[in-house]
Amino acid sequence: MASKPTYNIPIGPIHPALKEPILFTFDIQGEVIKGVDFAPGKTHRGIEWMGMRRNPVQIAHLCDRICGICGVSHTLAFSRAIEQIAEIEVPERAHYVRSIIAEFERIQSHLLWAGVAAHELGFDTLFHLAWRVREEAMDVIEYLTGNRVNYGIVQVGGVRRDFTDDQFPRIYQALETYEGLVGKLVTLFLEDTTIKLRCMNCGVLSERDALELCTVGPTARASGLAIDVRADAPYAAYGDIDVKPILPDVYADAIKGDVYDRIVVRLFEVVDSVRIIRDLMDQMPTGPVLWETKYAKILATCKKAEGEAIGRVEAPRGECFHYVRMNRSETPEAWKVKASTYSNQMSWLKILMGEQIADIPIIVASIDPCMSCTDRVSVIRDGRQGVMTGDDLHHLSVEKTRRMQE
Amino acid sequence: MRLSPSFNRSLWVFHFNSGSCNGCDIEIVAALTPRYDPERFGIKLVGSPRHADVLLVTGPVVHDMADRLRRVYAQMPNPKVVMCIGSCGQSGGVFYDSYNLDGPVGDVIPVDIYVPGCAPRPEAIIDGVVKAIVLLESLEEKQ
Chain H
1 MASKPTYNIP
11 IGPIHPALKE
21 PILFTFDIQG
31 EVIKGVDFAP
41 GKTHRGIEWM
51 GMRRNPVQIA
61 HLCDRICGIC
71 GVSHTLAFSR
81 AIEQIAEIEV
91 PERAHYVRSI
101 IAEFERIQSH
111 LLWAGVAAHE
121 LGFDTLFHLA
131 WRVREEAMDV
141 IEYLTGNRVN
151 YGIVQVGGVR
161 RDFTDDQFPR
171 IYQALETYEG
181 LVGKLVTLFL
191 EDTTIKLRCM
201 NCGVLSERDA
211 LELCTVGPTA
221 RASGLAIDVR
231 ADAPYAAYGD
241 IDVKPILPDV
251 YADAIKGDVY
261 DRIVVRLFEV
271 VDSVRIIRDL
281 MDQMPTGPVL
291 WETKYAKILA
301 TCKKAEGEAI
311 GRVEAPRGEC
321 FHYVRMNRSE
331 TPEAWKVKAS
341 TYSNQMSWLK
351 ILMGEQIADI
361 PIIVASIDPC
371 MSCTDRVSVI
381 RDGRQGVMTG
391 DDLHHLSVEK
401 TRRMQE
Chain C
1 MRLSPSFNRS
11 LWVFHFNSGS
21 CNGCDIEIVA
31 ALTPRYDPER
41 FGIKLVGSPR
51 HADVLLVTGP
61 VVHDMADRLR
71 RVYAQMPNPK
81 VVMCIGSCGQ
91 SGGVFYDSYN
101 LDGPVGDVIP
111 VDIYVPGCAP
121 RPEAIIDGVV
131 KAIVLLESLE
141 EKQ
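From first to last, the protein sequence lines are chains H and C. Residues in the first sequence are numbered consecutively from 1, following UniProt numbering. Residues in the second sequence are numbered consecutively from 1, following UniProt numbering.
Just chain C, same shape as in the assembly (with noise of 0.2 Å):
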């Protein structure tokens, strides 16, 4: 990780809801909020996938959403990250023997970084963008 020299782009997320309790998706906002405070490093939540570096998903994937996970996904721009966050998205969590699911998220697109807990807590949430840079950085340099 060579934070200092290559910070040269800064990370845009956009946030993916696929069925959710809304737990991980209150934790992704406190983390972006002044406690936290990762706008300082120019991360931040976009309104549109095909602005975004890191695409968070939350949720167990429930039927209606996996198409619109694949048409999200598909819109970002390479070189892309997926982030899951929560343990429903990826066992299924309490949700695993629901009848509604096409999840969890591995199964529906590719995803390189898992935050599990139900739901993580924003500090989990930073460690996992962190790691997502430098994974930015090491498909950067690859391309």
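Just chain H, with the same shape it has in the complex (with noise of 0.2 Å):
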């Protein structure tokens, strides 16, 4: 038999399927995926390139901005590694302020990945259940931080407001509806016939491939990776309670690394973590929530500050990474951030091979990219016929020199 001629199909950076930009291209033959190429760096603003040009106090503003959805995980990220360059003893109070609203937002990012994830079904019933559910989490957040989004808690040093006792019950209240909720959503998601026949074995990604792929976070785990950031290098109150990798074997019985055992993982995770955010109020310390409060003194120490670290935490989607070298200036002489969809990006390929078109957006958002985080640099291939020549690399290059001239 002939083989059947491959057409090409773009989709994106502008798409129904995609909640942001990027372009994704498909070689597919009949129905069958038979070549994947994407090309991110359609939400690149340069904020490393910023970043370089503020002061730490004020990057803290921006980490929070490098992603609406995971805004704690950048900024914690960030002031870990300040902190580790200049020495700067964070109180024991501030770690669990930390933990508990990175928890709460873990909550909020996996209902708001599961809505996502069962409007690409087509299932817009159980996405608008999915969202009328975090609003409870975003509720709480706004409550304890005065913002539903870019909470803008987390500074160098510490936290920027402490929890008052009137505010617990609140908090409990919150972590008993998700309690009452579990058993509902897990039937939802987890019984239904429709997600069932759509999820399982489809878009499969093995152990080896995922180990080999370098995928971090849920993605990892849902083919077996018993990889957690918590509970492999705890930060902040981490290390004072019990935390555990999710893997898929809670529910089912065999690890199969396909887009089912993604929700499973996911739906477990926000389980734990109402049970992680009881343990650390149960235990959470009194004292200050601030190493220092005047800004003043905090720029002064960050100023004089000399060294390079890193700052590792668990974002609701995997590892977030940032690198920041001081050399005794005001602002950081390098900084580098590595967020979790930069890693589990290149899974892509291999999980949507021979898979079917009508496939492509849940298996798509199957990794919860978040491409916000993850454009940093600007991927541009030389020699690739339409996405960029070496007349406009030229043009590109003059036009920058002449800006940072002016």
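Everything hinted at is true.
Heads up, incomplete: computed chain H residues facing chain C, CB under 7 Å, no partners named: (1) G46; (2) R65; (3) I69; (4) N150.
No lab work stands behind these hints, which were simulated from the structure alone. A virtual CB, placed ideally from N, CA and C, is assigned to each residue, including glycine.
Using the hints, put the two standalone chains together into the complex.
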């Protein structure tokens, strides 16, 4: 039989199946995907470049806006790096406040993802239900930090706001709501026939591939890799409590590494986060939440600092990694952000291969991509027609030089 | 605003992410979900700019997306209203000194309604959409 000709489908950067701009190019034969390529860089804002022109207190706010969904993770990772370089001792209570907010962020992010995943399957009822449930976490975050998005609570040396005793009942109320909802969510997401049909054995990433492609977070755990920064290299208050990586075998019998397993991992991480918040609140110490209240002193300490450090945080999507180098100046000499989607995105090439066109949205969404986290560097491939020619590159380079001279 | 007799058309919105941090984007979706439920007024997100009355733009318009924003704007049928959601679309916000911005949004396409905030609350976004309805009504009368 003569092989059928392949044809080309571009998806993105603006497409209803994508929540964020990214360009996919698929080689399709019949209904089957034979080749995958993608071009990120559509949300590149040059945050690292800007950060190297600002001081650490200002960068904390820039970090919040790397990604509106996992704002705390980025700020926490950056603050940890700076605190290590400048040898700032963060008060015990601040660690607990940071961890509790980070766990609430995980709850809202996973529920957000669950809703988006249901939407990608065409199951809009479930999408609306998941987002209604998510509002409870948003309310608590707003109650505790003052903002629904971009909380701005973490800063170098501690946290900006403390929890008061009269705020605790509201937190417990939210935890009880989620504990009551767990059974319902599991039934809706994991026992539904439509979801089982669409997600089981779809977009499979084997354990070996997950390891070789250096995936992180729920994507790696769904394939059976027991990695979790909270357990492997505890930070903030996670050293004081028991955290174990959640693998799909908490619900299913076998680990397959398909889309369904990724749903299992994320849903049971929500359950685990509720348990973690309870543990943290039980042990919460008293005391100050800031190493130093005067910004001038924080800045002076950072200015004197010399050295390099990394901050690693388990964001809802996986490991979030910040590298900072300070060299006795107001601004960092170097700042590198490696967000979790950066590690996870290469698995797309593997899991999309051989699947059908109709499964593209859910498989793309299954690693919970966050392009605004990822687009630190524009990807430019030379020699590929239509992407960027030598003249374009030269033109860009000249333009940039001019801008920098101004 | 004469909502009751002239609410003859439901408002369909198209969402364009021009390089935002996702903060405004999740608030737009949060504004459409059951807590606020504007779908009872027929307001919903659509997948194509050719079906849309209102264009919601988030983000500071990075270089790669500027041309795409112009093309999406050109594809929308008249009368149309453009809403710019979030501080970074108005002035660049925290990204004001970035080398990769072609924005703010107002420099790329004409904007009718600005919703400030980083990120604006869903209530603020809905308030902006209500103002868009009034504007659309007056645009229709002129036609």
